Amino acid sequence: MNGYWSIVRKEYVHMLRDRASLIIALMMPLIQLTLIGFSIDFDVRHIRTIAVDLDNSRESRQYLQQIHATQYLDVVQYGSNPQEAVDALRSGTARVGVVIPTGFARESAGNGHPAVKVMIDGSDSQVALRARMAFLSGPPAPAPGSVDARVTMLFNPDMRTDIYMIPGLIAVILQIVTVSLTAFSLVREKEQGSLEQLMVSPVGRVGLMLGKLTPYATLALSEMCIVLTVGYFLFDLRVAGSIALLVLLTTPFILAALSLGLVISTIAHTQTHAMQLTMLLTMPSILMSGYIAPRETMPGALYLLSSALPVTHFMQIVRGVIVRGAGFRDLLPSTMALVIIATLLIAAAVARFHKSIE
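Quick note on numbering that gives the first Met the number 0: the sequence shown kicks off at 0 and runs consecutively.
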């Protein structure tokens, strides 16, 4: 134990001098506890629902109001034909489609059991089970008798969990790999002294940033192909949509995630600091993206915050293409969001990187 107290004093001095790492270490548990505690909620409510009321009667409107009153289903969109409901489920703007046929009021007035067609997006088993339970327990009928809700599961009729989780796992893996690799890139060169050579070279800031992104982007695309291949042979995961479209729409996400790592590397002064910032960001972003629990269960503030994360929008893309067979038009909002986020992050990384040792 010779020199024990000297080493303890030295480490305390180093720890107190590195204020950035100390603040992150103290704040990380509080921030993660708050975000994770509010992000994970398996009591799914307010499921987005599209209604197609072909009867357009007082009884049909009353039935839709009673559906909304359950608090499990929120009618956020109205369609004119059943195909619009299918398109809304494929694009992800709705999770449940309710089609009320003509003659609903007439059968409700008698002793019959009016039938409604219910289409549920089965790609998310948690949401699908909750929505199905809402109809099986059923809102009260608007008239004597009961409503016969004929439920159909779309896109994942067997509600297999692996069909839903593996596409999300692709987004999680790419998020972890891309952010962590690029977060250490500039910091490592600072510590090794090789950044000084870049400072005196004719390389521009934009060229430097994009040059660092390209190899990692190629690596990330290769990893996505590997995960898809392994998922096909081990879990019988089949891509319902276009693989070429999936690769195309993966590009803006990879650029956004890599740029996020570069922003971290321009903030951090050491690799330890970069690792702390990466951990602080990665875990909440994965949990808030909808990978574990549906985003509909989040409070309003966290729901808006999750919209600023690249992995949130890529989660919609990868699950939309692989599970629901969504097309480019269906995924255009998520794609545009990724393009905007990637542009802003690249601009932030370039702006923070000053061509000087400081």
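One thing to keep in mind: the hints can contain errors.
[Unchecked claim] Here are the in silico distance ranges between beta carbons for each label pair:
#: 1; residue 1: T217; residue 2: V338; range: 16 to 26 Å
#: 2; residue 1: A108; residue 2: L168; range: 18 to 28 Å
#: 3; residue 1: L29; residue 2: L331; range: 29 to 39 Å
#: 4; residue 1: L15; residue 2: P214; range: 35 to 45 Å
#: 5; residue 1: Q64; residue 2: T101; range: 45 to 55 Å
By construction, these hints were calculated from the structure, which means they are not laboratory data.
Bear in mind that the values here come from a model prediction, so they are computed numbers and not experimental data.
Even for Gly, the Cβ is constructed at its ideal location relative to N, Cα and C.
Open item on the list: Is 35 to 45 Å respected by the C-beta to C-beta distance linking L15 and P214?
Closed with: holds, 38 Å
Open item on the list: Looking only at beta-carbon atoms, does the pair L29, L331 fall within the given range of 29 to 39 Å?
Closed with: Check passed, 38 Å falls within 29 to 39 Å.
Open item on the list: Just to be sure I understand the hint, the distance between the Cβ atoms of A108 and L168 should be within 18 to 28 Å; is that true here?
Closed with: Violated - the Cβ-Cβ distance for A108 and L168, about 51 Å, lies outside 18 to 28 Å.
TODO: May I ask you to test the hint 16 to 26 Å on the CB atoms belonging to T217 and V338?
DONE: Distance hint for T217, V338 holds at roughly 20 Å.
Task: Distance restraint hint 45 to 55 Å, applied to the beta-carbon atoms of Q64 and T101 - done: violated, 19 Å
Checked against the numbered hints given earlier, the structure breaks hints 2, 5 and satisfies all the rest.
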